[in-house]
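Using this note's numbering, the first residue of the sequence shown is number 1, and each one after it goes up by one.
Bear in mind the hints are in silico, worked out from the structure with no lab data behind them.
Treat the hints with care, as some may be off.
[Claimed, not checked] For each label pair, taking beta carbons as the anchor points, the in silico distance ranges come out as:
| hint | residue 1 | residue 2 | range |
| --- | --- | --- | --- |
| 1 | 9 | 89 | 14 to 24 Å |
| 2 | 87 | 39 | 17 to 27 Å |
| 3 | 27 | 87 | 37 to 47 Å |
| 4 | 19 | 42 | 11 to 21 Å |
| 5 | 35 | 84 | 32 to 42 Å |
| 6 | 94 | 65 | 20 to 30 Å |
| 7 | 60 | 35 | 15 to 25 Å |
| 8 | 65 | 24 | 15 to 25 Å |
| 9 | 16 | 93 | 14 to 24 Å |
| 10 | 32 | 85 | 30 to 40 Å |
| 11 | 10 | 87 | 23 to 33 Å |
| 12 | 16 | 42 | 19 to 29 Å |
| 13 | 67 | 90 | 17 to 27 Å |
These numbers were taken from a predicted model, which means no experiment stands behind them.
Cβ atoms here follow ideal geometry from the backbone N, Cα and C, with glycine treated the same way.
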Amino acid sequence: MDGSTGAVREILMEAHEVANVVRHGDGNASKTLIKSAPRFWSQDPRDYVDISPGPSPDSALLVIPAGYLENYTRAGLRFWGRADRVDGAVEDPPF
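Kindly generate the complete structure, drawing on both the sequences and the hints.
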């Protein structure tokens with residue numbers, strides 16, 4: 001199976017990094033994601049409401065736009081659609 005077609009591999013790897021930061025907070029995953037995807041660390045105060053003002057860990061400032069979540073879901077569905085050996089497996093989700 002070619003997981004790299006349509007950037008599925010890269011998108012799934014980024015989704016995995018995001019999930020690790022969400023699960024574990026600051027640490028190696030956070031440092032890696034800051035380097036590979038600095039666009040997710042927004043400093044615009046209009047992007048979120050800080051209910052606990054003051055110094056925050058880097059992971060608390062992570063902002064993932066909805067479009068990226070859709071891309072992660074689509075890549076996951078494409079991956080499993082390509083891995084599925086049953087006739088009629090969906091390789092391209094309808095969204």
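We went through each hint and held it up to the structure:
no.: 1; hint: 9 <-> 89: 14 to 24 Å; result: holds (18 Å)
no.: 2; hint: 87 <-> 39: 17 to 27 Å; result: violated (40 Å)
no.: 3; hint: 27 <-> 87: 37 to 47 Å; result: holds (44 Å)
no.: 4; hint: 19 <-> 42: 11 to 21 Å; result: holds (19 Å)
no.: 5; hint: 35 <-> 84: 32 to 42 Å; result: holds (34 Å)
no.: 6; hint: 94 <-> 65: 20 to 30 Å; result: holds (21 Å)
no.: 7; hint: 60 <-> 35: 15 to 25 Å; result: holds (18 Å)
no.: 8; hint: 65 <-> 24: 15 to 25 Å; result: holds (21 Å)
no.: 9; hint: 16 <-> 93: 14 to 24 Å; result: holds (19 Å)
no.: 10; hint: 32 <-> 85: 30 to 40 Å; result: holds (34 Å)
no.: 11; hint: 10 <-> 87: 23 to 33 Å; result: holds (29 Å)
no.: 12; hint: 16 <-> 42: 19 to 29 Å; result: holds (21 Å)
no.: 13; hint: 67 <-> 90: 17 to 27 Å; result: holds (21 Å)
Violated hint for the displayed structure: number 2, the only one.
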